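K.L.:
So the protein sequences, as listed, match chains A and B. The numbering of the first sequence is our numbering, which starts it at 1 and goes up by one. The numbering of the second sequence is our numbering, which starts it at 283 and goes up by one.
Among these hints, one or two may not hold up.
To be clear about the criterion: a stretch of chain B counts as covered by chain A if any three or more of its residues have a C-beta under 8 Å from a C-beta of chain A, and this derived list gives those stretches [stated by the list, open to error]: (1) 389-403; (2) 443-452; (3) 463-472.
Here are the computed lysine-lysine pairs in the DSS-like style, where the Cα-Cα straight-line distance is at most 27 Å [to be verified]: (4) Lys465(B) - Lys35(A); (5) Lys351(B) - Lys16(A); (6) Lys109(A) - Lys411(B); (7) Lys465(B) - Lys274(A); (8) Lys537(B) - Lys520(B); (9) Lys293(B) - Lys276(A); (10) Lys520(B) - Lys276(A); (11) Lys490(B) - Lys293(B); (12) Lys16(A) - Lys465(B); (13) Lys112(A) - Lys537(B).
Derived list of chain A stretches under chain B, where covered just means 3 residues or more per stretch with a C-beta under 8 Å from a C-beta of chain B [as the list claims (entries may be wrong)]: (14) 10-16; (15) 156-165; (16) 236-244.
No lab work stands behind these hints, which were simulated from the structure alone. Bear in mind the structure is a predicted one, so any value in this text is a computation, not a measurement. Where is the CB? At the ideal position from N, CA and C, for every residue including glycine.
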Amino acid sequence: MPVYEESYRSWEGILKQHPRTWWIIARTGIRLLWKKSMIIFLIFAYIPFFVRAVQIYIVTQLELKVQLDQAMKAFKINPEFFFQFIWAQMFFLVLILIFSGAGIIANDKKFKALSIYFSKPVGLWDYLFGKWLILFFYGSLVTMIPAIILFLTRVFLSKDSAFLNNYFWIPLSIISVVILITGVLGMLILALSAACRGTRSAAIFFFTIYIVPDILGQIITKIPEIKLVSLSADFKQTGSLLFGIKLPYTFPFWLSILVLAVAAALSILTIRLKVKPTEVVK
Amino acid sequence: MSVVLENFTIKYGQIVAVDKITTTFHHGSTGLLGPNGAGKSSLIKGLLGLVPISRGSGKIMNKNVATEKKAIRQIIGYMPEDDCLIPGLTGVGLVQYAGELCGMSKEDAMQRAHEVLYLVGLGEARYRKVETYSSGMKQRIKLAQAIVHDPKLLFLDEPTSGMDPKGRQEMLDLIQNIATRGKMSIVLASHILVDVDRTCSRIVIMDKGRIVEQGDIENLRGRFSGTYSIRVEGDREKFIESLKKSGCSVKPDGKHLLDVTLPRGMDTDLVLEIAHKSSVQLRRLMPGVQTLEDVFIKKIGAE
Chain A
1 MPVYEESYRS WEGILKQHPR TWWIIARTGI RLLWKKSMII FLIFAYIPFF VRAVQIYIVT
61 QLELKVQLDQ AMKAFKINPE FFFQFIWAQM FFLVLILIFS GAGIIANDKK FKALSIYFSK
121 PVGLWDYLFG KWLILFFYGS LVTMIPAIIL FLTRVFLSKD SAFLNNYFWI PLSIISVVIL
181 ITGVLGMLIL ALSAACRGTR SAAIFFFTIY IVPDILGQII TKIPEIKLVS LSADFKQTGS
241 LLFGIKLPYT FPFWLSILVL AVAAALSILT IRLKVKPTEV VK
Chain B
283 MSVVLENFTI KYGQIVAVDK ITTTFHHGST GLLGPNGAGK SSLIKGLLGL VPISRGSGKI
343 MNKNVATEKK AIRQIIGYMP EDDCLIPGLT GVGLVQYAGE LCGMSKEDAM QRAHEVLYLV
403 GLGEARYRKV ETYSSGMKQR IKLAQAIVHD PKLLFLDEPT SGMDPKGRQE MLDLIQNIAT
463 RGKMSIVLAS HILVDVDRTC SRIVIMDKGR IVEQGDIENL RGRFSGTYSI RVEGDREKFI
523 ESLKKSGCSV KPDGKHLLDV TLPRGMDTDL VLEIAHKSSV QLRRLMPGVQ TLEDVFIKKI
583 GAE
């Protein structure tokens, strides 16, 4: 046995006074999820991005050479174009939230890792924010990042600054919408992950909460307000508001904001009740 | 002083897990001994802020347990009783992660992780995923993550639980080594007397959430070595009075028994002589406790 194995040696270094534990949790979580399957998934998620990028190229480069007909006018690059892109990416976002979020706390509970976290200088909010950042990172990779790249593509391919002057605020809208969606859905999947016994049940509950009210809203068309219970419809209503486009539903936007706020608050409450540093055997 | 507790109470609903404990854990190694459900783990969890304190106060290294949780957790190490790990991480990854969470830089944590993994005997297995570890290896990795940042105080909750005899010996050697070579104080909670006897210089015996005995192990052994358990028929009060006059320490133990500690250098002839003079019949004269196990059984049994 080598000499260094034989006895304990003190460590003479200095500990950081206030370590940013949320960042350490997020960084490690992102690294753990970065697997081959995730890369393949991201490649698929970027297919719509390339289609849209080609669309921007055609509109910006060919409009100078050929006369635009009616069909080309449908390719107009405006705020709605970017919102539609994010909305189409919601499919990938929901899949990411399910596959990476369902086990994010459930596995820590299953392997009793919470007593490791909370015996270190990690608070509940540090832990939650760190976990949420993991979801936000991967959520942004399929929504915010490609949307902003599309915006920059449109700006750089422009011959003049008219587009930038008119729509300079679009990146802010993109960021706001993505934070809103990943904020509410991220908290929801974290809450379900904390409350459910396993990853699978958390995923099923999330899917049910997100999809069933949406289907319900489409079946019961006589009462438009029924759509309010659908998180998807509320995101669409609020997102349209943030992009300054026509609201898709007749009910007031603040009702949608209220529903989303209640969903986030209930999720946080569930997390507070279900994430305990230690199991107490009574 | 490492830990100072005053009326420290922890309740889970109506159940009192730790009942108004007032004590001090000095620098060095202290064993928390008690049967299952005595409140050892709850006491440690309360000190770490993992469960709320119902009443009283506690200080670790002059930091308030209730208000300075993060500061306390940075200077202590905790090896939980349960198998706990973060799936997906390798051994070195987990220990490095623990170090970083305590405030070490990434580089320092990585370097130190390798060092402590060699120390705990996981040098060869450090690149394996922790979920593939055996139960003995899991115990070792729990110890490694607790000492990576060289804490000032180390809480070990049943550190040899689930280990084979060889692994248990190695773990106890390791704890002894940390206690003697490191600058840290150790609080070891266990229901295994031999573990505490081997690694600690001081002991706190707990039962039903209360401290029933505490002190230096050597003193406790000494204190109990000249002790006899006596039962008499006749004028009990007169007998007790005479014993006390002869320099004996007398402690009634229950309704009939007396714990009598003889003065240094005296033997049981003194008891026989006093019994004769007091006109009482000796119905029982048994040697008192001498080992730590005897101290433990006597105190727990008395309760």
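K.L.:
Give a verdict on every hint.
P.N.:
Hint-by-hint comparison with the structure:
Only residues whose beta carbon comes within less than 8 Å of a beta carbon in chain A count, and the stretch 389-403 of chain B has 6; three or more means the coverage holds. Note: the stretch 443-452 of chain B has 0 residues with beta-carbon separation from chain A under 8 Å; the three-residue rule is not met and the coverage is violated. Given as covered by chain A, the stretch 463-472 of chain B passes the check, having 3 residues with a CB less than 8 Å from a CB of that chain where 3 are the minimum. A hinted pair counts as satisfied when its Cα atoms are at most 27 Å apart, and Lys465(B) with Lys35(A) does not qualify at roughly 41 Å.
Of the supplied pair hints, the one linking Lys351(B) and Lys16(A) holds, its CA atoms being roughly 16 Å apart against a limit of 27 Å. Pair hint Lys109(A) plus Lys411(B) holds up; C-alpha atoms about 18 Å apart against a cutoff of 27 Å. Proposed proximity of Lys465(B) and Lys274(A) is contradicted: the alpha carbons are some 38 Å apart, above 27 Å. A threshold of 27 Å between alpha carbons decides the hint, and for Lys537(B) with Lys520(B) the separation of about 16 Å falls inside it, so the pair holds.
For the given pair, Lys293(B) sits about 16 Å from Lys276(A) by alpha-carbon distance, which is consistent with the 27 Å threshold. Under the criterion of a C-alpha separation no larger than 27 Å, the hint pairing Lys520(B) with Lys276(A) is inconsistent with the structure, at around 58 Å. Proposed proximity of Lys490(B) and Lys293(B) is supported: the alpha carbons are some 12 Å apart, at most 27 Å. At roughly 20 Å between alpha-carbon atoms, Lys16(A) and Lys465(B) fall within 27 Å of each other, so this suggested pair holds.
A C-alpha spacing of about 47 Å is found between Lys112(A) and Lys537(B), which places the hinted pair above 27 Å, so the restraint is violated. Evaluation of the coverage hint for the stretch 10-16 of chain A: fulfilled, as 5 residues show C-beta separations to chain B shorter than 8 Å, against a requirement of three. Check on the stretch 156-165 of chain A: 0 of its residues sit with their Cβ under 8 Å from a Cβ of chain B, so the three-residue criterion for coverage is violated. Judged by the Cβ-Cβ criterion of 8 Å, the stretch 236-244 of chain A is not covered by chain B as claimed, because only 0 of its residues qualify and three are needed.
When held up to the earlier numbered hints, the structure conflicts with 2, 4, 7, 10, 13, 15, 16 and fits the remainder.
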